[in-house]
Amino acid sequence: MSLDLKLDGRSEDRFGTMAQGLLGTPADRPEGVLKVTGAATYAAENLPENCAFGMLVRAPGQGKVTAVNADEVRAMPGVLAVIRDERMIRNAAQGTANEAPVQGVDHAEYVGQPVAVVVAESFEQARHAAQSLKITTEGSPGPVDPDAVEPEGEPTRTGDLDSAMKDAVHALDLTYTTPSHSSTPMEPHAAIAEWDGDRVSVRASLQMLKYNRNELADCLGISAENVRIQSPFVGGGFGSKLGITAEAVSAAIAARELGRPVRVVQHRRQAFETVTRRSETTQRIRLAADAEGRLSGLGHEALVSNLPGETFAEPVTQASAFAYAGAHRVIGERLARLHRPAAGSVRAPGEAVGVTAFECAMDELAVKTGLDPVELRRRNIPDKDPSSGKPFSSHMLAAALDDGAGRFGWSDRAPEPRSRREGEWWIGSGMAAAFRVNIMMEAEARIDLTPDGAVVETDMTDLGTGTYAILTQIAGEALGLPAESVTVRLGDTDFPPGSGSGGSWGSATTGNAVWLAALDLRRQIAARLDCDEAELTLRDGQATCGNVTRALAEVLGGDDLRGHGHITAGDAFEDVVQSTFGAHFAEVAVSDVTGEVRVRRMLGSFAAGRILNEKTARSQCHGGMTWGIGMALTEELTHDRRDGHMVNRDLAEYHVAVNADVPPLEVHFLEELDPWSGPMQSKGLGELGICGAGAAVLNAVYHACGVRIRDMPATPDKVLAGLE
Amino acid sequence: MATRNEVRFILNGEDQAIRDVGASDTLLDFLRIDRRLTGTKEGCAEGDCGACTVLVGRLTPQGLRYDTVNACIRFLASVDGCHVVTIEHLRGPEGGLHPVQEAMVALHGSQCGFCTPGIVMSLYALWMATATPSVTEIERALQGNLCRCTGYEPIVKAAQAASAGKGQSQDPLNLERNTITKRLSDLRDGARVEVAKGEDRAILPADTADLAKVLEENPEGTIVAGATDVGLWVTKFLRPISPAIHIGHLEELHEIAEDDAAITLGAGVTYSEAALTLIMTWPHLLEYWDRIAGWQVRNMGTIGGNIANGSPIGDTPPALIALDATITLRKGGETRELPLERFFIDYGKQDRAEGEFVERIRIPKPAAGQLHAAYKISKRRDEDISSVAAAFRLTVEDGTITEARIAFGGMAATPKRAAKAEAALTGQSFDEATMMKAAATLPEDFAPLSDWRASAEYRMRAAQNLFRRFWYEKGTDEAVRLETA
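Protein chains in written order, with this note's numbering: chain A, 13 to 736; chain B, 322 to 806.
Keep in mind the hints are simulated off the structure, nothing from the lab.
Mixed in with the good hints, there may be bad ones.
List time: in silico DSS-like cross-link candidates among lysine-lysine, alpha-carbon distance up to 27 Å [what the hints assert, rightly or not]:
| no. | chain 1 | residue 1 | chain 2 | residue 2 |
| --- | --- | --- | --- | --- |
| 1 | A | Lys-146 | B | Lys-557 |
| 2 | B | Lys-478 | A | Lys-627 |
| 3 | A | Lys-730 | B | Lys-478 |
| 4 | B | Lys-478 | A | Lys-146 |
Work out the full structure: start from the sequences and follow the hints.
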């Protein structure tokens, strides 16, 4: 039995009437103790007996691959195998691919492609042998420069933007660039594969197991029923673990060949190359405005890149389709086929870089029109989606702008740049709007209810996002159980397929599946009490219907009940446009001596429907804003111009924000319920915090010192050059 | 000289005696793979992320000292005679969670959890050392830990919350201090340690005299002090280092001596060990010292190593050259002394003969009228390599500059003095015009290169601007430095 729901219209808010008082509270994460004691076991831990160690080997160039001295390496101490198997994958699969990515080891399409796995008795032997395997490549390399190829695709045109630009009182035609970015979760990609007959079990660090299972099966050429993947703890993902990854496939191949378990952990430098990066972007932004700053037209065209054979093109302009009014529009991406490492989803694909550049352009328009940047945005809020004409499920931008501006003290800001100086430091502030589409996927979950409590099971993952906590709260709230009586089990393909973690959809999608499973149970309980489910109150293990209250255990009467929920997106995601909204504010200091930028404080106001757990929600926004600081100031993957290889593929040179880069961060949530988003009335929040955050920083840099940085990140050299 | 063929140390509570140790075996792999202590994580294998932070306790003349270190680049052989403490050893006063761990859960300092054990260990070390740490002290303790989820703020709050609880005296490491001291003393047998795994050899000389001997016997050996650079040769570049000759354990090389004229640092003195003495003598180094790497690396890395590896972007050479430091090199029983700047001949080339090693660094004490500054510019605030490092020592008497020593890192193939600028300043009145005139001479002395860290133009311009900053700070009242901005 299963309770299925396709979301076709508005949903009733059932959680407003629940009695446990668990949902919405800032509950601690239940797995927190395991994490702070080091007892949480990630993918490379739990070594089975007799486990061998594998190390991937990369191609040093593009072209036909030859392993020159494989036999010598096979003879090295401890070496068990040098494997070059056609089923090994070129790069990680794209999110939700559900099938194998491009496979093969004979031709390297980018520098760094894994072309062999060396397996040995010990890790040190494997590492040494892998380093000793000499790989050569021959043939002419494919293009690596985005400007050197004719891109695919054309933007969507509505009206006549060229004329609108000519007729506009204020017209801006600007180009921004963002470099490649890397997810760099703290846990490098790792897998341990073990076969039992024809069935393979893989402990891996992956985000979306139901897809990963099919992807791995397809890679190996076996049935998905013969694949089990477990990822109970994932040390961060941010998109880099959406699709099946090279180490998992090669561990499975090696373990089969050797007839014993094999562990393959990617060195940090390998993970940079084999896992999908965020594409670099070149964004042309055109804004046509009247004297009052109202947009008559806007253009947002982006050039992005990916390897041949990859379906993904960074959806840079995703939010520009609905963010601001303006009748004449040119919006879309062009894709250059390049032989740089594969591109794919990195936290908030599209909006992270697209909203950031667009919000910088809006700041430039504010300067040009003489309008306050907050007011300029307010004036251009559309009353319906300008691209499709559909209504919004809710629109909270104005509220977020007002809330954020008030709390930040925006009205105290002198409008002119270079208004404030402290010693060698220019001080300024900037703001940006935040947008992120709300996506619903398909998910299933089940709950077993016994006198001891409830056990929730789904193959959903927790990347640190708080899934364990939130699903505990949803189940506890709906079933009237305290958190201690709810156990959540995640990250195992033996459980019902959840949504996987990605695209901010995890808690809203899988959470609704858990709600439906709980509703299934509530109906079974109500039937036993002979009452209507809507009349049922469950609280602290007691079931009340009318004036009858009985202990839940008594209602169960020795039976264990099982509820199963299944949710799919329907017309609710077709008939209206669903988005989350926010506003970022930042204050920075810029050194007149060195061009260094220090963010002094940052504040975000966000609206994402019901906030399920204030603590985990805040954490997500903190993380996103911190990524925004990184995007604005430090994060930059540099490709060698000759062969496209990643120059700075390690944590020493790929600069994620350190503690000292991050000032006090203030996060506020606006009260909102969005009935279109599903029974929980909650929308995705994992990515909203990054969208536009970097623009607030860069706009503050301009306000501080008058230097406009259009090529991110704003490193000291660029800023100082502008200051002179 | 007795020789021992096993490495002996204490891991959490247990004595370890391991024979099968190669030069390239790291403490982290030993913990995670051999001992299955997987609470300690590997995030980068090069000392950048701090996920592998553990405590290493060793006996010093001042007593048992615990430091946070990066286990990923700490060689297993080098923990001979030490007490290694991992996350698995932590517990609260009544068992259960340690106060730092409790606070990390309650304040959501852990999200994905992978950086968490390393952060807990850093905060634990801070908690042991400082009952009520300031935010600055907390941030210093976290410099060597990266987190990609939290934005760090909840972690800083957790550190504050944990410090409210006290309980240090009841902590197992303090309760067991005497026992551990005794056990570590018992491990000291005065022997040279030679261990190997196959051809991969590591040697721990018995003392400095023995070091000189070992080097003469193994002139091709790799001298390993803190391993913050050599560790990466192994884990990142997969280079063989055998035979590795460790010097970090040699107590004589950790000596800090002070007389009326100078401070003398043994080459094995870590950045952390030197910090207090140097900063008390030269307060301008306070801020600069904190910009060197992160806490774990400062606990491991040595000033001698920073000099001896000859990098043009090492952080200490410019500061020490401006202070007129000299170094003593030793080979066998022979020693010689030379000004630090003369040690650096060219890129990758130093005035060090085969079998010779840096024994100590002598820094003359400050004199009246000296104005000091040291600046580091990097793309990222912490845990980053300098784009430009600069140090100034100007002696100003009655408004006139009587002596100038200015050294730069990142501006040439070696750390180098700005000879033309020094000449332009000497004998002139100390004012902004003089400073900027001196700055204008930099292109005559330096032709910096463009690389991933900074362009040549930027390096030159920023270096020149630092003369202006120096004037702001020393000649006017209007200076506001970033840390106080």
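Tested hints:
At most 27 Å may separate the alpha-carbon atoms for a hinted pair to count; Lys-146(A) and Lys-557(B) meet this at roughly 17 Å. Restraint check for Lys-478(B) and Lys-627(A): the C-alpha separation of about 14 Å stays at or below 27 Å, so the hint holds. Using a Cα cut-off of 27 Å, the hinted pair Lys-730(A) and Lys-478(B) is violated, with the two alpha carbons roughly 34 Å apart. Only pairs whose Cα atoms come within 27 Å are accepted, and Lys-478(B) paired with Lys-146(A) is rejected, the gap being roughly 50 Å.
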